[in-house]
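Please arrange chain C on chain B, whose structure you already have, making use of the hints.
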Amino acid sequence: MDAVTIEFAPATGTEKEWNEAYARLADYFRSYRLHNRIRRTQLILTTLGLASEEHAKDPSKSPTQHAINQARRMMKEWLEEIYVDIPMTDTQIEGTGRLGFFLSGGPDRWPHFFLDKETLPHDMAEAMRNSVRESGPGLQVSKMTPRDIDLGLISNVAEEGLDRFGRHPVVRYSVLIVLIGVVLGYLYTLLQ
Amino acid sequence: MNPNETPAPAIPHPAQGLPPLRISRTRRATFFTLVGLGTVVGTWLMVVYLGEGGLGPLELALLATFIPLYYQLNVGFWTALAGVWLMNRPSPDTLDLWQTLSPEDHHAPIEASTAIIMPIYNEDVTRVFEGLRAIYLSLQQTGQDEQFDFFVLSDSDDPSKWIEEEVAWLELCRQLKAFGRIFYRKRRKPINRKSGNVSDFCRRWGKRYRYTVVLDADSLMSGRLLTTMVRIMEKNSGLGILQTFPRQIAAETLLGRVMQFAQALYGPPFAYGLDYWQCGEANFWGHNAIIRLAPFIENCALPPLPGKEPFGGHILSHDFVEAALMRKAGYAVRLLPSLRGSYEEGPPTLIDMLKRDRRWCQGNMQHIWLLFAKKWHPMSRLNFLHGILSYASSLLWLLFLVFSTALAALPSGRELERTQTAEQLLLGLTIALIFLPKTVILLDEQLTGRMFKPLKQRFLTSFSSVLDTIIFTLMAPVLMIFHARFVVYTLLGKGVNWVAQRRKMSGGVDWVEVFFTFGPISLLGIIWGVVGWFISTNFLLWISPILICLVLSIPMAGIVSGSHSGRRLGLFLSPEEDEPPTVLSTMEQNLTEVNDRLQLQPELEKYFGLLQVCLDPYVNGLHVSLLRKRKNIQVSRDYLDTLADRLVREGPQALKPQEIKAMIYDTDTMTHLHYRLWSAADKDLAPFWFLAIRQYNVAATNPFAHLLAQRKGETVRLSA
Chain B
27 MDAVTIEFAP
37 ATGTEKEWNE
47 AYARLADYFR
57 SYRLHNRIRR
67 TQLILTTLGL
77 ASEEHAKDPS
87 KSPTQHAINQ
97 ARRMMKEWLE
107 EIYVDIPMTD
117 TQIEGTGRLG
127 FFLSGGPDRW
137 PHFFLDKETL
147 PHDMAEAMRN
157 SVRESGPGLQ
167 VSKMTPRDID
177 LGLISNVAEE
187 GLDRFGRHPV
197 VRYSVLIVLI
207 GVVLGYLYTL
217 LQ
Chain C
16 MNPNETPAPA
26 IPHPAQGLPP
36 LRISRTRRAT
46 FFTLVGLGTV
56 VGTWLMVVYL
66 GEGGLGPLEL
76 ALLATFIPLY
86 YQLNVGFWTA
96 LAGVWLMNRP
106 SPDTLDLWQT
116 LSPEDHHAPI
126 EASTAIIMPI
136 YNEDVTRVFE
146 GLRAIYLSLQ
156 QTGQDEQFDF
166 FVLSDSDDPS
176 KWIEEEVAWL
186 ELCRQLKAFG
196 RIFYRKRRKP
206 INRKSGNVSD
216 FCRRWGKRYR
226 YTVVLDADSL
236 MSGRLLTTMV
246 RIMEKNSGLG
256 ILQTFPRQIA
266 AETLLGRVMQ
276 FAQALYGPPF
286 AYGLDYWQCG
296 EANFWGHNAI
306 IRLAPFIENC
316 ALPPLPGKEP
326 FGGHILSHDF
336 VEAALMRKAG
346 YAVRLLPSLR
356 GSYEEGPPTL
366 IDMLKRDRRW
376 CQGNMQHIWL
386 LFAKKWHPMS
396 RLNFLHGILS
406 YASSLLWLLF
416 LVFSTALAAL
426 PSGRELERTQ
436 TAEQLLLGLT
446 IALIFLPKTV
456 ILLDEQLTGR
466 MFKPLKQRFL
476 TSFSSVLDTI
486 IFTLMAPVLM
496 IFHARFVVYT
506 LLGKGVNWVA
516 QRRKMSGGVD
526 WVEVFFTFGP
536 ISLLGIIWGV
546 VGWFISTNFL
556 LWISPILICL
566 VLSIPMAGIV
576 SGSHSGRRLG
586 LFLSPEEDEP
596 PTVLSTMEQN
606 LTEVNDRLQL
616 QPELEKYFGL
626 LQVCLDPYVN
636 GLHVSLLRKR
646 KNIQVSRDYL
656 DTLADRLVRE
666 GPQALKPQEI
676 KAMIYDTDTM
686 THLHYRLWSA
696 ADKDLAPFWF
706 LAIRQYNVAA
716 TNPFAHLLAQ
726 RKGETVRLSA
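Residue numbers (the working numbering), protein chains in the order written: chain B, 27 to 218; chain C, 16 to 735.
With the rest of the complex left out, here is chain B (with noise of 0.2 Å):
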């Protein structure tokens, strides 16, 4: 194992600047599940190093920016040298490749090899590639066409009645109110 040594001394940004991206990194690589907290520290240092050569380069963007684009690109790359015979797009590999590493245990089975280009255990991209996922099998398609249903003479005469009534919802309407009328009309006959 490596030993972890902490030389970090940015020419640009703010003591407090340097501590929110340190935070961040920090919750960004727990969110990928490396409990080893060494590896952990060590991709933060690492990580922090690139970002202040970055900084100091384009002090526009914050240091928090400048280290999640290096650990973004610290990843793309290892993903290239692991899946580099698999046809995808640079999206496809960063997706497939994160769950890949989570699908294969990698947490637990190699977090000191976790964004190290250099060194790739050869069961571990094995076990990455092994791992790409598909939601659904092959297809097999077939045709599943609607036929008509001849609704016969009396749906024919509704549809054609119906389609009138629905242009019309006024028209609707007025025919419920002339019905409920005529009933009332009726009722109040018969009890005179």
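For the record, the hints were derived by calculation from the structure and aren't laboratory data.
None of the values given here were measured: they were computed from a predicted structure.
Treat the hints with care, since some could be wrong.
[Unchecked claim] Facing chain B, according to a computed beta carbon distance under 7 Å, are these residues of chain C, among others: (1) 218; (2) 674; (3) 708.
Glycine included, every Cβ here is placed at the ideal spot set by N, Cα and C.
Chain C only, in chain B's frame:
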């Protein structure tokens, strides 16, 4: 299963499984003669009663509403009696599908490939996947699970639900080592709702399977019943659809438990009775059924109905139509009156039940179009008619009561002895038609102990039956008013939206909702009572049972929707509550484990799926890897960037669901959003994200474990 397996070729002349014409004709002749006789006798008595002073328009209108109502009453009566007879006949039923299997068949290996599909829409994700796990494990116990694949077919449009479904799918596959056996499919556009979802499955993967078992999100089926259904289908090549009789389970409210109890007690005789006269022309109820895929794909695609929704357009109650189409194609549709192994959940409250009925009503009313369509089997036509009547009868009943009120207001002059005898006979006959089936079924239970053997439980069953009769009697007039309203709404063109169903009560009774829903019903009862009082005391007494139910609808709806369900007293007990089947107890244990977990803050819990897909590198990876890369996105990249920026700065509450959906459909946006959130300075983050970043790692020690139980025995490492 073998992915390249070709399903059995379509059978030109299906024979096995289609009951012999002689038997089905005899049964129907007997059944409908009895139904006809009952209806004619009732109608005749009514004519005698009304006709003393001649039949005027009002009397004729009353008679017109009475006849279909009495027909329906007779159908129910004779169905129940036929069922009780079938359950108790000494020799086995010649049409019993269970009898088609020999003892050896039950142990023969299954070779037919079957897809178990579960279309879902914004459902409780934990319930869906824990239910699926229980079915999967139950199938595994049969040792015949190799030929079964599972598909979760999602139309969910709630972004958080969608992500939760993906997460739960992955976790379930991980725990069960079921990658390649359990699949998840999310449709981008939910065209034609549930039936469209099933059709989409058929088009994509239908050729890979000989059968499909359709489940609802709340369905549960035992492995034993599933394998038996496949075996029955294999043995009866003319069977197109085999529908089981699902029993209600997992009810917690009084209404839920009463319905559960009623279904357990009265359901089986009714199922047997339906099987008696429906024979090979039964109905498909949309779930807990097995379908022969080749003829289904060939014949059962649904065309839209003429006109616009709600009366026309997309067919809502697709199941009846699919059954009719299957029968039209020459395949039998049978009901399997199974006593165990097929389960579903019911609505928890009266309001939920009414919401469900509103949808079903619209679906059934659409079938008016199909009544007169050509080439249906006459029984399919009758099935449509019965479906329509099940809701239209409420309107007819209401009109019957209105006409009766009007008639009572007129000077009656019905004083002849003949008229009074007819009135008394009609009353007695109607009471018998309503209560005799229940009495006979209860008597049968007391004698056979089909539900419970111990005497104490049989006594409690009798007592519960009396109580459930009271509760259903109180509810019936209220349901009548609502169903009548639904029918009128549908006829006036007021459609329903597709909403997720609530299957469990969250919190107590919402009395405000109850008051505003049932307040007008109580008012109607009071007004009707005042009118009745003006008419005559006798009339008021006659109609008072109905009016009392209407007036009391608010407390009644509140009480039945509450959690005091009589369970502690041993009331309304169903066999599944007393001795839960393994598939149910597995699911309930797991649900309890998940429900007992510590919850995040409500705000975070509400958007947990979204929170995970944005923050968690693995969940984000899962989502992005499951998304198909779109060639052309329908919105501009700038628009998506603006939305992502707002999401980071203002939080998910500030965005509309469709805006969140637009983002999470795009792979690039979701990948960038993940880093954008993590790289934002504290001051640029919405309070929601600030809190989420600090709490997430503590709350979610395993990103995929939040929604499902962690069953150690089943947890495996994929790479091993």
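Status of the hints after comparison with the structure:
Nearest Cβ of chain B to the Cβ of residue 218 of chain C: about 5 Å, under the 7 Å cut. The hint holds. Violation of the interface hint for residue 674 of chain C is found here, the shortest Cβ-Cβ separation to chain B being roughly 21 Å, above the 7 Å cut-off. Nearest Cβ of chain B to the Cβ of residue 708 of chain C: about 6 Å, under the 7 Å cut. The hint holds.
Checked against the numbered hints above, the structure breaks only hint 2 and satisfies the rest.
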